[in-house]
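Based on these hints, arrange chain V on the given structure of chain B.
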Amino acid sequence: MKKVLLLISLFTAQLVWAQNVDFEKKNFKDNVKGFKKAMDSIAAGDEFFNRPAEWHYHALPFYLSANAFNPNNATLNYKIGECYLTPFSPFKTMAIPYLEKAYKLNPNVSPDIHYLLGRAYHLNMEWVKAIQEYDQYGPTLDPKKQADKIADTKKKIQECKYGMELVKNPVRVFIDNVGPSINTEYREYGPIISADESEMIFTSRRPNTTGGKQADDGLYFEDLYISLFRNGKWLPATNMGEPVNTADHDATAGLSPDGQILYIYRDENGGDIYQSFLEGEEWSKPKEMGGKINSKYHESSVSLAPDNKTLYLVSDRPGGYGDRDIYKVVLSDKAKWGEPVNLGPIINTQYGEEGVDIQADGKTLYFSSQGHNSMGGFDVFKSSMDSTGKWSEPENLGYPVNTPGDDVFFSISASGKHGYYASVRKEGYGETDIYKVTFLGPEKPVALSNEDDLLAGNAGGVSDVMMTSAVAVNKTRMTLLKGVITDSVTHLPLEASIELVDNKKNTVIADFTSNSKTGKYLISLPSGTNYGIAVKAKDYLFYSENFNIPDTATYQVVEKNVALQPLNIGSRIVLKNIFFDFDKATLRPESTTELDRLINLLTTYANLKIEISGYTDNKGSQAYNQKLSESRSKSVVDYLIAHGIASARLTYKGYGMENPIATNETDEGRQLNRRTEFKITGK
Amino acid sequence: MKIKLLVSISLLTAGGLFAQNATPTPPPAGADTVKTNIASTPEQKAQLSYNKGIEDFTKGDFKAAVTDFDTAIAIKPTFEEAFLNRGNTKLKLKDYNNAIADYTKATELKPTDDKAFYGIGQCQSALGASDKASDAYTKAIAANPKNADAYYYRGEIRFLAKNYADAKEDFTQAIASKPNYAEAYNDRGSCKMELKDYKGAIDDYQASIKANKLATTFDNLGSAQRKAGQLDAAIDSYSQAVAIKPDFAIAYNNRGTAKFDKADYSGAIYDFGKAIDANASYAYAYNNRASAEFKMKDYDKAIADCNKAIQLDPNYGYAYLNRGITEEMMRKQDDACSDWKKAASLGVPVAKDYSQDCQ
Chain B
9 MKKVLLLISL FTAQLVWAQN VDFEKKNFKD NVKGFKKAMD SIAAGDEFFN RPAEWHYHAL
69 PFYLSANAFN PNNATLNYKI GECYLTPFSP FKTMAIPYLE KAYKLNPNVS PDIHYLLGRA
129 YHLNMEWVKA IQEYDQYGPT LDPKKQADKI ADTKKKIQEC KYGMELVKNP VRVFIDNVGP
189 SINTEYREYG PIISADESEM IFTSRRPNTT GGKQADDGLY FEDLYISLFR NGKWLPATNM
249 GEPVNTADHD ATAGLSPDGQ ILYIYRDENG GDIYQSFLEG EEWSKPKEMG GKINSKYHES
309 SVSLAPDNKT LYLVSDRPGG YGDRDIYKVV LSDKAKWGEP VNLGPIINTQ YGEEGVDIQA
369 DGKTLYFSSQ GHNSMGGFDV FKSSMDSTGK WSEPENLGYP VNTPGDDVFF SISASGKHGY
429 YASVRKEGYG ETDIYKVTFL GPEKPVALSN EDDLLAGNAG GVSDVMMTSA VAVNKTRMTL
489 LKGVITDSVT HLPLEASIEL VDNKKNTVIA DFTSNSKTGK YLISLPSGTN YGIAVKAKDY
549 LFYSENFNIP DTATYQVVEK NVALQPLNIG SRIVLKNIFF DFDKATLRPE STTELDRLIN
609 LLTTYANLKI EISGYTDNKG SQAYNQKLSE SRSKSVVDYL IAHGIASARL TYKGYGMENP
669 IATNETDEGR QLNRRTEFKI TGK
Chain V
5 MKIKLLVSIS LLTAGGLFAQ NATPTPPPAG ADTVKTNIAS TPEQKAQLSY NKGIEDFTKG
65 DFKAAVTDFD TAIAIKPTFE EAFLNRGNTK LKLKDYNNAI ADYTKATELK PTDDKAFYGI
125 GQCQSALGAS DKASDAYTKA IAANPKNADA YYYRGEIRFL AKNYADAKED FTQAIASKPN
185 YAEAYNDRGS CKMELKDYKG AIDDYQASIK ANKLATTFDN LGSAQRKAGQ LDAAIDSYSQ
245 AVAIKPDFAI AYNNRGTAKF DKADYSGAIY DFGKAIDANA SYAYAYNNRA SAEFKMKDYD
305 KAIADCNKAI QLDPNYGYAY LNRGITEEMM RKQDDACSDW KKAASLGVPV AKDYSQDCQ
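Chains as they are written, first to last, in this note's numbering: chain B, 9 to 691; chain V, 5 to 363.
Next comes chain V alone, as it looks inside the complex:
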């Protein structure tokens, strides 16, 4: 019974404490289990409370779990694992600052606890402190160079900071420690895409799909193929994305763009329409449909779609730009100039060139 319980706890902490919302792959367990005998010594009481905490956590009763870990720590103030797991539980309760305090205590008690540093990284990320989070992940990696998730999340922070080269290296390390890490392959592919290495991006997205068929990854694969000029392959990939996720407006919008690039303007209009069906507030899709309608010389519809895009996002500079371009062809030069000036004021550089010729 004891052994069974302990094994059970070990599995649950590994699978539960850091579970996020379905995706991505859960980070590794930050909690540790304790092997102990059933006895009534203070040490044993602390361990029992600790184990009860894990049980409550597994049930999703985080408040009870916190109380359990409180008891364990009250009995044994040097109970490093209890601090770690209380930190994990507070993270679930979004009590980030107190979670950080617990993780910090855990690292004081055990300076090589990569899981505690990792937990600090998660909390700092949640608090928007990217630099502090990155530092924490770096410490987790120093404590355990095979902590794939620490590499992964540091990679994401670097990606968002547009440091794609270093981010790519982090995702490579994550993959080295966890060979079927679909998300890391996806994200490394995205780094390569931002670095305009479209062939490398395509390879990584395909490796990610081999490990796990994520709709997002099919969409990203399509975008890498589109940018590499492989428009037919891109359209296939976007189609796979919407087959997995039928309301995937982004993928419809992208498939429409690939068709636009193929000069299949009626096909593009269909797809932008599907994107709008999936998300009626999707300003990009209205703007893009206007662009395809412009190419079909259906200027009235193009104007109507630009109007809708602007209504949804009054600061959407490119919708003003496109409306101006359409108005120029409708011989409404004053309206075109007004729209180009507005687009320029919203930071669309080319609009400034266009409006310079306006009286």
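In isolation and in its complexed conformation, chain B is listed as follows:
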């Protein structure tokens, strides 16, 4: 690549108009040796040029060498321009001077010279010139035989018009190449980012691919790589190895919100999605996803919603709106993925859609599309789902996130502040690289201060501060809950199930499982809900926790480590999701889920005997508090008996304000002291 660049810098200076000089011996009688060498270079370049387009870029060093010998050959200049425009070339706009010269030397150098000039100007965002070239190309096409090219040219003119508008109002972002720990001179793309942005898995076509072989396009087979973000920087990426990678194509397709399931694209059955589970620190052998996710057509990208039951899928199966479309798939009650349903014409177009990613709020969909108001190639869009399930008109993320080239595989962080995607940019390390987008939100206007002596009779002047209008900050209202589940006695990590309950609706929203080896878990909780969390493991007392996340809460990470107690006599826990009416012993409806959990425990362990104990804070008299706490304990026991638990297994006691577990000096402490506990008295 450096050689190519050097040649560019040497020879662009020679692009001075002259007459066409053919590569014929008679024109170079005084330098026969040089002529022969140039002809050899052209022949070597043609070796690549005569292959499919993705090979053309490899012809460049040879052609540039020949061009140094004879810079005034229209055909060679045309070919150099064409090579610069091939897919994944990071220097596409370098085509411009060569194509301009080719046209100047011979306007009939190739039938598609205006098209290539249009493409080069288009990619260089010279919109007016690009449209002029496309306009000249269109009439040269035969409407009957070249209808596809006519349609393509019209589309590109429209893209230029969209580009003109988008560039007028650039969005406020920082776009950073994620650096050489991840990007190389080879292709990197398909980044998927963990919710807390601590890990990135991506696809690359670099030499240390599993099996070390090249595919038909001359590039190494795709493999998945992983990099960890530590102390403010990405650590050098490593090949994820087997069983995730094979000797064939293995590419990223998605990651579950809790980071426990990795979705992998494999070049099987027309292109299918596989899934691999994180078992401890190892990824399991990928298995085809099953259900109706895969077809004999091409499936390339998936994104699992935070409810763990809704999957968004990219596929080119029949029945869509054209090319690849985005589908929604729902997990059935039997834990099978159902029939994919096309998201419809608001999202999908007659052109390609790719790289789907649902945000942690479960409502904002990011994807790339060649349609809508793309300014060229794939642009990244976002759409939001309203309460009726309807998607909003996709919004182009704007310039400079999007460019006239391909901007694709966008992965948004849980905070919504950052996105990661693949793009080809001049500042890259070569071919497609991974970039991080930092969203700065609407413009923050600077404030000027002014004053005038408004009153002629008042020497003091009247102050007058001038200020432009304020922006909505897009706030992502999201709490990430993460931590480690352990055994309270041995302190060893535990694989436990984590049940997430909407306390108000009294419904289980989702089930999660902590990592079997590390005990780690990670859950996304949108704001505005009172959540109950129950952690359960076989032969352990369950643990419950209540999180009330107000609607106004912004992005935060809460770390909650849980130590589960083994089912031993004397073990006790606080039932944090049992609620009573104020100053009464009446159980509130939102307690049902927690009580049912207790019933399940007592049903599963039929010999278990327990005591339910009630406690209060120190407000009020001891006698009153003792009576209230006893009444409340009894309410719980009555509920359990009414639901089939033998009364002989149950005792209850009110302790009033005794045994506080926190200070009674603060509201928070008193709230903790007002509690219902149970302890095991026999088993």
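By construction, these hints were calculated from the structure, which means they are not laboratory data.
Take these hints with a grain of salt, some might be off.
What the hints assert, rightly or not - Using 20 Å as the maximum straight-line C-alpha spacing, the simulated EDC-like pairs for lysine to aspartate or glutamate come out as follows:
1) V:K136 x V:D99
2) B:K592 x B:E666
3) B:K176 x V:D268
4) V:K166 x B:E459
5) B:K425 x V:D357
6) B:K490 x B:E205
7) V:K217 x V:D251
8) V:K301 x B:E451
9) B:K425 x V:D339
10) B:K513 x B:D589
11) V:K266 x B:E507
12) V:K345 x B:E451
13) B:K635 x B:D604
14) B:K584 x B:E507
15) V:K278 x B:E459
16) B:K642 x B:D625
17) V:K200 x B:E459
18) V:K266 x B:E673
19) V:K182 x V:E198
20) V:K299 x B:E451
21) V:K249 x B:E459
22) V:K312 x B:E507
23) V:K231 x B:E459
24) B:K169 x B:E134
25) V:K336 x B:D184
26) B:K425 x B:E403
27) B:K425 x V:D281
28) B:K176 x V:D265
29) B:K425 x V:D361
30) B:K687 x B:D589
31) V:K336 x B:E451
32) V:K356 x B:E451
33) B:K241 x V:D338
34) V:K301 x B:D184
35) B:K490 x B:D519
Just chain V, lined up with the frame of chain B:
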């Protein structure tokens, strides 16, 4: 001789007793003259002392004038004009409370003495008692509905109380009684500007300039034009202001803002620099120059100017806001958050929104 003296006194009191510091137009005379014969009757002696008082006042010897008026009043305790003029003289000596006592006595002796009520208004204003001053001006207007200055000063009090509609009406009445009242036109223009009637403000400032070319009025005209979106006209007006008053920092600062609004950031930087040359402690100009430097992406200079503005005024919320905005673009998010939080604590509402996204 007698007639000449009397005429002379009449002119001086009209022009001198209420003269303020150069501008604004002096209020009308609060003092009255007395026609009398030279004689040695007590009445005549009182009148002579009174006239001597006016003479001393004209010379600027206010203490002597007070003594003269004391003598006149001692001889003739019902000498209303002497009370009035002694009040005027004490006002010049900033002896406001005793001046009010004299004016009050004058109104007791002559309840229709609008000049005495007016004098009370002036003293109460000086004492910071705006409501009492406004009441006094209202009484002066009731006594003489053509007292243009009473309307003018009541208008100013109403303006400062942000009662722009009533203030505008007072300035209109002042102009009706005194058609070339440049200051009243200026102030009515300011009322209209505060009421966002920029076209009306421009008309009034131009009428004021027609009567008297005040640098302040050119500056105000420029600000009305700037707010009306007439940026080129605004720049011309500010230029006239600084041509009259070359050290007019406020006008340079405003011209810089008009250039900023035209996206002429280098021109704006020049003008904010001129404002700083005229007033090295002008925090606004440093903050504004930082804003233009920010637009030029010259972030280091913008930070330095914000620092200077904050050094000059540690409670300058908008300078913290702008420094935070600049730091954000310099990728110093923690510093930006710290500055936005500080700006929010100083009452800059938008800063609270910005800092909400900070961890």
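Checked hints:
no. : hint            : result
1   : V:K136 x V:D99  : holds (17 Å)
2   : B:K592 x B:E666 : holds (19 Å)
3   : B:K176 x V:D268 : holds (19 Å)
4   : V:K166 x B:E459 : holds (16 Å)
5   : B:K425 x V:D357 : holds (15 Å)
6   : B:K490 x B:E205 : holds (13 Å)
7   : V:K217 x V:D251 : holds (17 Å)
8   : V:K301 x B:E451 : holds (14 Å)
9   : B:K425 x V:D339 : holds (18 Å)
10  : B:K513 x B:D589 : holds (17 Å)
11  : V:K266 x B:E507 : violated (59 Å)
12  : V:K345 x B:E451 : holds (18 Å)
13  : B:K635 x B:D604 : violated (25 Å)
14  : B:K584 x B:E507 : holds (14 Å)
15  : V:K278 x B:E459 : holds (16 Å)
16  : B:K642 x B:D625 : holds (18 Å)
17  : V:K200 x B:E459 : holds (16 Å)
18  : V:K266 x B:E673 : violated (61 Å)
19  : V:K182 x V:E198 : violated (24 Å)
20  : V:K299 x B:E451 : holds (12 Å)
21  : V:K249 x B:E459 : holds (16 Å)
22  : V:K312 x B:E507 : violated (56 Å)
23  : V:K231 x B:E459 : holds (13 Å)
24  : B:K169 x B:E134 : holds (11 Å)
25  : V:K336 x B:D184 : holds (15 Å)
26  : B:K425 x B:E403 : holds (17 Å)
27  : B:K425 x V:D281 : violated (43 Å)
28  : B:K176 x V:D265 : holds (19 Å)
29  : B:K425 x V:D361 : holds (10 Å)
30  : B:K687 x B:D589 : violated (23 Å)
31  : V:K336 x B:E451 : holds (17 Å)
32  : V:K356 x B:E451 : holds (15 Å)
33  : B:K241 x V:D338 : holds (17 Å)
34  : V:K301 x B:D184 : holds (18 Å)
35  : B:K490 x B:D519 : holds (14 Å)
Comparing the model with each earlier hint shows violations of hints 11, 13, 18, 19, 22, 27, 30; every other hint is respected.
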